[in-house]
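Visitor: Spelled out from the first residue to the last, the chains are:
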Amino acid sequence: MQGPRASIFLERQTYRRRRLIDWIKFLPVLGFVLWMIPLLWDTGGDDTVSTGAALIYIFLIWFLLVLASYVSARSLKTALDRRDQAMSQVTDEQP
Amino acid sequence: MGKRVLLIEDEPNIIEAISFILSRDGWDVATHSNGHDAMEAVRVRHPDVVILDVMLPGRSGYDILNEIRADAETQTLPVLMLTARGQVKDREMAEEAGASMFMTKPFSNADVLNAVKELVA
Amino acid sequence: MSSLNLLIAVCLIYVAFLFGIAFAAERATLRGKATWLNLPLVYTLSLSVYCTAWTFYGAVGYAARSGLEYLTIYIGPSLALFGWWWLLRKMVRIGRSQRITSIADMISSRYGKSNTVAIGVTILAVIGTTPYIALQLQSVTTSFAVFSGATSEQGQLSATALWVAAGLACFTILFGTRNLDANERHYGVVTAIAVEAIVKLFALLAVGVFVVWGIADGPSDILARIEQSEFANWEIQGGRWAGLIFLSAAAVLCLPRMFQVMVVENENEDHLRTASWAFPAYLMIMSLFVVPIAVVGLDLLPQGSNPDLFVLTLPLATGNEGLAMLSFLGGFSSATSMVIVAAIALSTMVSNHIVMPIWLSATGGARASISGDVRGVVLLSRRVSIAVVLLLGYVYYRLSGGGTALASIGLISFAGVAQFLPVLLGGIYWRGATRNGALAGLTVGFVLWAYCLLLPSFGADVLLSSNLLENGPLGIGWLRPQSLFGISGMDPLIHAIFWSILLNALAFFFVSLVTFPSPLERLQGAQFVNIFEHSSQAPSWTGGVAKSEDLMIMAQRILGAREAQVLFAEQAKKQGVQGLLPEPDPAFLFVLERELSGSVGAATAHAMIGQIAGGASVSVQDLMAVANETAQIMEHSSQLEAKSEELERTARQLRRANDKLLRVSEQKDAFLSQVSHELRTPMTSVRAFSEILRDSEKLTEAEKSRYGGIIHDEAVRLTRLLDDLLDLNVLENGQVSLNTQTAELSAVLSSSVKTALSGAEQPLDVALPDTGPIMLETDVDRLSQVFINVVRNAQKYCDAAAPSLEILVHDDDTELLIDFIDNGSGIPEASQDVIFDKFARVNPQRAGGAGLGLAICREIMHRLGGDISYLPGQGGTAFRVSVPQRRRMAAQ
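Going line by line, the protein sequences match chains X, S and H.
In terms of the UniProt record's numbering, the first sequence opens at residue 1 and continues consecutively.
In terms of the UniProt record's numbering, the second sequence opens at residue 1 and continues consecutively.
In terms of the UniProt record's numbering, the third sequence opens at residue 1 and continues consecutively.
Heads up, a few of these hints could be off.
To be verified - For lysine to any residue, the following SDA-like pairs were computed, each having C-alpha atoms within a straight-line distance of at most 20 Å:
#1 25/X with 695/H
#2 89/S with 90/H
#3 89/S with 695/H
#4 698/H with 89/S
#5 25/X with 880/H
#6 25/X with 668/H
#7 117/S with 665/H
#8 668/H with 85/S
#9 25/X with 429/H
#10 90/H with 80/X
#11 89/S with 76/S
#12 89/S with 431/H
#13 77/X with 39/H
#14 25/X with 39/H
#15 698/H with 668/H
#16 90/H with 317/H
#17 698/H with 20/S
#18 698/H with 16/S
By construction, these hints were calculated from the structure, which means they are not laboratory data.
What you are looking at is a predicted structure, and each value in this text was computed from that prediction instead of being measured.
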């Protein structure tokens, strides 16, 4: 009877936490795909993406990924703390 | 003189019955009542037909039949086999050993007589 | 010269400052006051050993030569950190719970704690890292030379490099081997590295800001300059872009120094969560000003200047001595932090996996490992190893002449350590990976790496002849080092990475498929792959010291509770210890190991005891997990054994029952056949004569009556047969109810004889015994039936000329024996056994009955508690009937 699954009201939070972890797992894949996009650019001909623009694009992706990772890490900590709290409550209720 | 029948059988009453039936019809019936020297009797008496019981003291009817069939002199001798056991297995064994005809006891007198006649004909 | 003195002074002050920080950190840790050390920020900054002098100086050079490609080196690790949930989290958890001390330890531990694997990984790590250390030495000496003016004579540089190497060795030895902690963590060093991380970041940012806003007119000007420079012509190469991102991501996982700071020095798993965004951010900032510095450097500095030193030469050229000094310190920090951590990581591997095993086997192993001096030996071997690693770096630096561009050495080194990746990933995610597979993969990977990348990198005719490079070994074209299997046109680096990693992974996979892992390997594999199931909470570093009680619990699970308790009690008594728990001394451990090896095999037992007694890299919980698993397996197999025994028993019973049924069935067939024969024979006579009587008119009266008599006799015979059969059936089925009466023996005998002989055709002279009055208490009717049968047999079958039968009675306390002996020829010995069987007739010609008489007699006597048997050696046929005497009734 122990554990977060014991109480129904935690179910939704468990679900959110799992999706958050899914998102964290997806981040590197997203980053890889975005950083591979420069390969599709035509850098040889006239109508090209300039090196400066490429540089800005790559660093922009970098910045956004760091931001996303930061927010996810913070949310994960909150979610895990909430779970631990809930678990200790559930445990406390059991004599 | 009629044809000679050799009856090899160990039950006295059956010997008497078959002898009576065949003699009455004019057959020359010789009898022999054990398995040991049945083959001797066959050789000595030169029967035209042999009536052979399966369960004989000393030696089984099948053995005797096998020997009859193995001997060139008696190879084609007609043999009517009689058995009191009447199982399918017995009939098969008789046929395998080379019986010309097979009858299960008890039989009707007419059947025996007809069978003997048929075998000699 | 003054600037050189100043430089040396600054260096010494800086190093002293680092010493102070490291020392303070160590002291604070000892006092337990170092809570600030426990910050995720320190962990993240320590990861910056990834950014070496190669980054600090080399990245600008790389950008100047190859455009934006330098970014791949920082994008790869960023992706690896963003994907921390996939791999790093698992690696750190395994590292903590298995008490991993290095990447070699991690890999060998997964593959059954195989020291062969550990030695292989260690050697390869040393080969892969030595050029990198040389690179750091080179960068420090070159920057020294640049800073101090044009005194770049070779001798001077070498001397500088030697001084730097020696200084770093001292620092590393001082803080890297101060204490011999089981968990191999170095708070002082980590703190110093964190500080260095800040210094190099700050220095590079300062130079960057100076370049962008001091020399150029801000970002837009930089962008404009980019468009005007060679950068504008830069073309992205897809293969190199993707390949180098992969390579650097692999390197950040596999580099010994990265493994050291990321896994071994990890204080708290939670820090990884912070590092997952903070370290990519650090890398981003580090690489932010690389392109501006490169562009401005190319613009400003004269043609032919070494772009690897732009970070230093730009401030110098513009007269900013202070900034140049800061920049120099940044480069110095980068180099020293890398060398220190790499030396610690390598020395741990060399000492643990090469020096210690040799030393242990040389000094007689087990005995020495228990005494205290092992500690000193380990520390000494660590210190010597650090010195040797740095010496190797120095020697490599001297040999290579310091000419090669920094970036290429770095990439070759990356490709070397990336060979660990398949084995590492396979070990963490695939239980089927085996030691032999790992050895095969590593061997193939490193041979190809050396052949395709390392050896050709020295240039033609240095280590590989130009002929071999051009035409392949022995002229075999498809073995050319830079176009294997005839695939040419690939970038040499990508070519080498592609083939080495691919064939490495394939060899690892296929050899793993066909080989079988040892028990320890399988247990370790399960522990690694299912690490999150084994430990829901990260185990603490301090709570793993095994005590006798732990050994007891483990032993109970393997040997069984009673056996283990008896063993422990015996040993405790031997040691003279009160209670049931002996001290875990060598003798006891030896005995315990021997006992355990009987149950779980020698290797596992040795490992278990070794780990628990050595207090080394397996926690007690893990041992319990192993013990539980073993106990379950053993219980399961003993259950199976019991079951199969039971099945075997059942099968035997079934076979016996089947045999019996077959025999019964055969007996039944034979019986039916007999009954059929016995019935048909009289029926034949009856039918034949009744037909004769019916059909023949010319029968004499004598004949008629004779034939009628035969029919009558045969009918009687049939009736008797049926009676006998029914009687026998009743007797055999035990349905007979005995009617116990009291009678006098001689009376019973005489009446039986009378009955038997009435109507007999042949005479029989019967001699009745002259006994005293003997009282019988039995079923008198049934006993009479037996007597009648025996007398009738004598009457029928006795072949003497004057048949006679003598009846004798023997009387003793327990039974009454009545013998019936005739004067005939007796029964042949061969037939004596069968006369009591149903339908058995010794002489059928003279048979009157069906051959059931004696069978019935025997059944009756058994019912009455007595017996009837043939009595041989009496001259004639003799039967003995024995009747039990329940009570002595004689002589009233």
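Visitor: With reference to the structure, classify each hint as holding or not holding.
Guide: Evaluated hints:
no. : hint             : verdict
1   : 25/X with 695/H  : violated, 112 Å
2   : 89/S with 90/H   : violated, 79 Å
3   : 89/S with 695/H  : violated, 34 Å
4   : 698/H with 89/S  : violated, 41 Å
5   : 25/X with 880/H  : violated, 99 Å
6   : 25/X with 668/H  : violated, 79 Å
7   : 117/S with 665/H : violated, 41 Å
8   : 668/H with 85/S  : holds, 14 Å
9   : 25/X with 429/H  : holds, 16 Å
10  : 90/H with 80/X   : holds, 17 Å
11  : 89/S with 76/S   : violated, 24 Å
12  : 89/S with 431/H  : violated, 66 Å
13  : 77/X with 39/H   : holds, 15 Å
14  : 25/X with 39/H   : violated, 25 Å
15  : 698/H with 668/H : violated, 46 Å
16  : 90/H with 317/H  : violated, 49 Å
17  : 698/H with 20/S  : holds, 13 Å
18  : 698/H with 16/S  : holds, 17 Å
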